[in-house]
Amino acid sequence: MTPGSTSETRAPARRSRAGALALRLTGRLAGGVFVLWAVATLTFFAIRLIPGDPAQAVLGGPGSQASEEALAAARAEYGLDQPILVQYLLQLGRLATGDFGSSYSLRTEVAPLLLSQLSGTLLLAGLSLAIAWLLALLVATWTTRGTRAAEWVGSGLEIVGAGLPHFWLATLVILVFSVGLGWLPPISTPGPLGLVLPVLTLAVPLAGFLGQVMRESLLDALDSPYALSARARGESETGVRLVHALRHAALPGISLSGWAFGYLISGAVVVETIFARPGLGRTLLNAVTLRDVPVVIGVVMIVALTYILVTVLTDLLGRIVDPTARA
Amino acid sequence: MSALEVEAVADRLATHRSAGPRHRFGFGEILAALFLLFVLVAAIAPALLSPTDPLAIDPGDAFSPPSLAQIFGTDESGRNIYSRVVHGAASSLVIGVSATVIGLGLGVLLGVVAGLGGRVVDFGVNRLLEVLFALPGLLLALFLIVVIGPGVVTTTLAVGISTAPGYARIIRAQLIAVRSSAYVEAATVQGRGRWWILRRHLLPNTLAPLLALGTLGVGQAIVWASALSFLGLGAVPPSPEWGAMLAAGRTYLSSAWWMSVFPGLFIVLTAVCATVLGRGVQRRTRQR
Chain X
1 MTPGSTSETR APARRSRAGA LALRLTGRLA GGVFVLWAVA TLTFFAIRLI PGDPAQAVLG
61 GPGSQASEEA LAAARAEYGL DQPILVQYLL QLGRLATGDF GSSYSLRTEV APLLLSQLSG
121 TLLLAGLSLA IAWLLALLVA TWTTRGTRAA EWVGSGLEIV GAGLPHFWLA TLVILVFSVG
181 LGWLPPISTP GPLGLVLPVL TLAVPLAGFL GQVMRESLLD ALDSPYALSA RARGESETGV
241 RLVHALRHAA LPGISLSGWA FGYLISGAVV VETIFARPGL GRTLLNAVTL RDVPVVIGVV
301 MIVALTYILV TVLTDLLGRI VDPTARA
Chain B
1 MSALEVEAVA DRLATHRSAG PRHRFGFGEI LAALFLLFVL VAAIAPALLS PTDPLAIDPG
61 DAFSPPSLAQ IFGTDESGRN IYSRVVHGAA SSLVIGVSAT VIGLGLGVLL GVVAGLGGRV
121 VDFGVNRLLE VLFALPGLLL ALFLIVVIGP GVVTTTLAVG ISTAPGYARI IRAQLIAVRS
181 SAYVEAATVQ GRGRWWILRR HLLPNTLAPL LALGTLGVGQ AIVWASALSF LGLGAVPPSP
241 EWGAMLAAGR TYLSSAWWMS VFPGLFIVLT AVCATVLGRG VQRRTRQR
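Going line by line, the protein sequences match chains X and B. full-length UniProt numbering puts the first residue of the first sequence at 1, with every later residue one more than the last. full-length UniProt numbering puts the first residue of the second sequence at 1, with every later residue one more than the last.
Don't take every hint at face value.
[Unchecked claim] Output of the computed footprint for chain X on chain B, the stretches with three or more beta carbons under 8 Å from beta carbons of chain X:
id : stretch
1  : 42-49
2  : 111-123
3  : 222-229
[To be verified] Chain B is faced by these chain X residues, among others (derived, beta-carbon under 7 Å):
id : residue
4  : V39
5  : A40
6  : F45
7  : A46
8  : R48
9  : W168
10 : V173
11 : F177
12 : L181
13 : G182
14 : P185
15 : Y263
16 : S266
17 : A304
These are calculated hints, taken from the structure and not from any lab test. We treat Cβ as the ideally placed atom computed from N, Cα and C, and that holds for glycine.
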């Protein structure tokens with residue numbers, strides 16, 4: 001076989017691989033658009049179940065004692081006098097153009113409000129995800145197939161870590177690092193120092209979950225034929241772990257990233273509230289308490305959109321890391 | 001809200017590796033069972049474990065740190081925290097168990113319908129699950145609270161409904177695995193009817209992990225429900241619910257740490273023990 005013929009046979013294979021990837025990406029994105037539409041529909045009709053006049057809610061709830069004219073004006077402005085189907089289509093059109101309406105309680109446009117809160121939450125979630133991965137990798141690679149005691153300590157740390165609820169862990173770290181030692185502020189200040197406790201609170205439980213999964217797949221990988229052949233080639237046990245097994249062990253962790261994202265967003269609601277840190281989570285909780293419907297719908301749509309993007313990205317990333325999925 | 005799916009992933013990997021038979025209960029499992037027994041007794045007959053009234057106030061004895069007489073200390077009104085934690089077990093446990101029953105019930109329904117209903121139904125249920133998964137964790141629960149209004153019943157419903165998609169996906173996967181197994185194929189070849197196979201093979205083997213899933217789920221549900229109480233959307237402070245107690249203690253964090261630490265400790269221990277015990281059950285049901 002000449003080198004020329006090899007490259008000829010390889011080229012179409014590569015093209016079809018790119019084609020398959022593009023096809024899959026298109027499929028996933030189409031699915032994502034469907035999910036967004038369904039979420040918008042679901043929220044629209046579920047919100048109708050709230051008792052009371054929506055026009056009244058626009059003007060500040062039943063306590064506002066809005067005049068009949070003001071109510072009529074609000075109905076006309078928000079299209080509330082239209083048939084429900086027309087209202088639904090209007091709402092879809094508005095959401096599609098990124099117009100989430102204005103907040104009942106804050107009297108500002110929802111879209112710019114949420115955009116300004118989004119970056120803080122993404123920073124918090126992103127940092128926590130990175131730290132959680134690091135912690136999980138460290139504990140899993142150090143203690144898996146170590147001594148009996150190391151194994152016991154490692155999996156014990158993971159179970160307890162995963163069992164720690166954010167609200168209690170936050171309380172504990174404030175008690176230890178702010179009240180007790182006085183090292184860090186109990187309220188999240190804008191600087192990097194203010195990020196330490198919130199990130200720690202979010203990262204430790206997530207690391208517990210990721211670590212449990214990684215330990216199992218690491219055990220799998222260490223028993224695999226390729227680990228055996230690497231050992232037979234004379235590679236050190238550390239080398240086998242870091243180069244061969246870890247890549248395998250990271251896979252289930254990567255496929256859990258969509259779940260991890262949701263977990264971090266839920267955690268952000270609690271953590272941002274406790275540490276008085278501005279962000280999407282705290283905005284959502286305030287909106288839920290005040291029944292500020294446009295803000296709630298806005299957060300729901302943004303989180304759903306981000307969740308879809310994260311799952312599509314992790315799907316692609318999984319394909320890159322896992323050679324067997326590339327074909 | 002599907003930490004259970006993470007468990008499921010870990011469990012699948014462990015099955016795949018097929019660890020050697022372990023029939024004896026481990027030390028950790030016995031400890032976990034003992035603690036859960038304590039919580040159960042506290043929920044059914046709190047007076048047995050704590051004769052003092054959880055609501056009795058004693059302003060002269062407010063903010064007492066833990067001592068031999070009051071091992072968990074007292075709160076801002078001089079109420080005994082140990083007694084409140086013991087008496088709070090009932091509401092936390094009832095909320096957790098009810099939410100799990102709701103979640104598991106809906107999950108089994110959706111999972112079985114998807115697994116048995118043919119391609120079109122399966123497609124529909126899967127899309128529905130995808131939509132629900134796009135509202136991750138607390139988000140679906142918070143949205144339900146906006147619609148129905150806050151309170152203990154809503155919290156329970158919200159936690160139940162938001163855990164359902166996770167259960168549904170596990171049950172569906174299990175059903176499909178059983179359906180394509182060799183023994184079901186053998187029964188089909190033998191000419192057994194659909195109902196016979198369903199009754200004898202599909203349902204028993206699909207529902208076998210329910211006990212383990214439920215045990216794991218109750219721990220998670222208690223954590224989520226107390227998170228909602230902590231955020232002020234579930235049980236409200238005067239009632240001795242663990243999440244609500246923790247929320248009340250937050251105000252006095254710098255002066256009375258025991259008000260926050262002990263109720264939280266019970267939430268964590270319950271969740272961890274349920275996980276340990278649930279896994280033990282999981283291993284045992286798998287072996288059969």
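### Query
Checked against the structure, which of the hints given earlier come out wrong?
Numbers 1, 2, 5, 6, 8, 10, 11, 12, 13, 14 - these are the hints that the structure violates, sorted from lowest upward.
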